[in-house]
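K.L.:
Read top to bottom, the protein sequences are chains U and A.
With this note's numbering applied, the first sequence covers 1 to 457.
With this note's numbering applied, the second sequence covers 1001 to 1245.
These are calculated hints, taken from the structure and not from any lab test.
Even glycine gets a Cβ: it sits at the ideal position worked out from N, Cα and C.
Be careful, since some hints might not be right.
Covered stretches of chain A, going by a simulated chain U footprint (3 or more residues, C-beta under 8 Å) [stated by the list, open to error]:
| id | stretch |
| --- | --- |
| 1 | 1016 to 1022 |
| 2 | 1090 to 1102 |
| 3 | 1106 to 1117 |
| 4 | 1130 to 1141 |
Every beta carbon over 12 Å from chain A, so not counted as near; a handful from chain U, in silico [unchecked claim]:
| id | residue |
| --- | --- |
| 5 | L102 |
| 6 | C186 |
| 7 | Y209 |
| 8 | E216 |
| 9 | V293 |
| 10 | R386 |
| 11 | M390 |
| 12 | S408 |
| 13 | Q445 |
| 14 | Y448 |
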Amino acid sequence: MLRTIVAIMAAKIIINVSRRFGNQGTVLAGRVALWLDPGILKKLAARVRGQIIIITGTNGKTTTSNMIAQILHANGNSVVHNQAGANMLNGITTAFIAASNLTASRHWDYALLETDEANVAPLLNEVNARQLLITNFFRDQLDRFGELDRTIRLISEGVKGRNIRLWLNADDPLMTGLPVETGLSCSYYGFAATPYDTLHNQDSREGRYCMLCGEEIEYQSFHFAQLGAFYCPNCGNTNPVPDYLGSDLQLDHNITMKINNLEVTSPYQGFYNAYNILAAVAVSKGMGIADAVIREAIARFQPQAGRMERFTVGSKEATLILVKNPTGFNQSLQALLNDHRSKNLFLALNDNAADGRDVSWIWDADLESLASAGAGISLLVCSGLRSGDMAVRVKYAGVDQELIQIESDLDPAIQKALSGPGKVNYILSTYTALFQCRKILLRLQAEYAPSVVRERA
Amino acid sequence: MARFTIAHLYPDLMNLYGDRGNLVCLQKRLQWRGHECHIYSVGIGQNIDFGAIDMVFMGGGSDREQGLVYGDLIKRADAFRQAIEADLPVLCICGAYQLLGESYIAADGQRLQGLGFFNIVTRVAQPRLIGNILLETDLVGQKTTVVGFENHGGRTFLNDQRLKPFGRVVKGHGNNGQDGFEGMKYRNLVGTYLHGPLLPKNPSVADFFIKAMAARRGMSSTITPLYDTIETFAHQQVKYKILNS
């Protein structure tokens, strides 16, 4: 018991000190606490009275878990919830400690733990989670996990034999092996046909082959990437019937849709966010939360840091977007190309562990779309630790070389972009450069804020 | 002005690691020199006339996909081997490189047959060899550096007198992490673990293939130099990073 109190105290001090220095302190605090008391995560997780829900998958983990948290808060529940980017055991331990009192006697209604695929099994050894939500499987950071097959196997082996329900994307053929391999009970969420579907798909597509028999699968239509209405002509594997069906989807300006009989509207944009909403609503409905609470929480939920966050620098608008894999990159490019104004584009590529050390993935994204006549690119500034790779990528995508500039340092690079001839600015960044970019934009926003002129009455 | 044709073998199956970038690079560098470049995809069971193409490219895939490819490619092995002997430019990355050898011995000891073009054996061992890699090569007649990224569980050993390595490892793992060599070269065929992708940041390697394509068409072996400032910057940025890591 004393050991636990010492560990919590040490971690809380680290959290406070690092917050004072403007850092989140999320990883170090948990690491120290686990070193002082290896059983601490287990103890704290046992204080969750209701359910522990783990959220994993390639894209949309953060947005989806934030939405579920918003819904639970609106429902009057207490929730432990780890922060984006602090999703390994250390970061999750920090989240529990930050929410705990010194004697670890505080209880919570729910814990929402977002984590990488490879971390699901180690996490399940520590916490007794009964629900696992998987958002999707896309190609991401191959160097960290090996290949996508392996990623899926890691989850499958991690949950096998446990008492846990899987919440699966009914539109993702890569998930169809999971119920068979694990024998667990599953709930499905998915979309009916939408006006945005296509018959063909140019995205780098995973999972062309049936997870059950290995034959090539066929599609009636695609929502995007490999998500769509599929079937295997050999073994008959096809989309499971969704327990939570998204229909009447409409993506202009915001997102509106029906989930079973519940109509929701969100200030978010993009099909990928519609999936995040669908998944969050499905899990919430599954926990028995009232429709009115869900509808209200989704309507109020605003985009987060780096998820299409808007800044105003002087008279110029800048939108900050996180990119981390080809599918997300394509969705972001699509969103900015829907804006028909002339634009300065800033692309920061880092290759730290959290970005993926292998930057090859940028070649699987459709940057060729930037070279089209209607793209309206006035200036393109490449930045970050791998600014050169990004510049080569856009050059070979066919973007006019005259428009490409390289400035590896983020601060001067953002300023260069903002002073370009375009009407609006789009600031795209990989994970480890995102928070610096955001800080720079906040600073510039404050510096260029119109000064208030006070007149004497 | 000429029209070149590059066959992309099994793009649906062997397409890890942004391999597409290698083809985009060759195509653009031919176009910038006033040529046309047609890339066509060859899938399982589809016909390929090795006599009618200027180059073959094949990338990496996961183990399952590599098995499917072997089953198809072995049926055309003779024609492919003859084309290689006739100096056809060929670039094989990662899984495709391993397939050129005698065998691939998986982690569980299972032996997968290769095309057997060369006496090369690949054995899987832990840990995976992952990271940025810097080579020195004399591929283009003078010493140049090559940068890339490697990510392979296989340890590849060249036991074939006819082969030269693609390069000497300055920093990184290479074929097997032991003998200091990376990849293989035979006539105009290069097999390598380097992706990143390989060609865009190493324009001299891209131009090696373009020169070889041009020479086989009886065109002059000197090709128009291009303005490679951005490519050179990217190359140097990674090289500096690797040397200082």
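K.L.:
Which earlier hints can't be squared with this structure?
P.N.:
Hint check: 2, 3, 7, 8, 10, 11, 12 fail, others pass.
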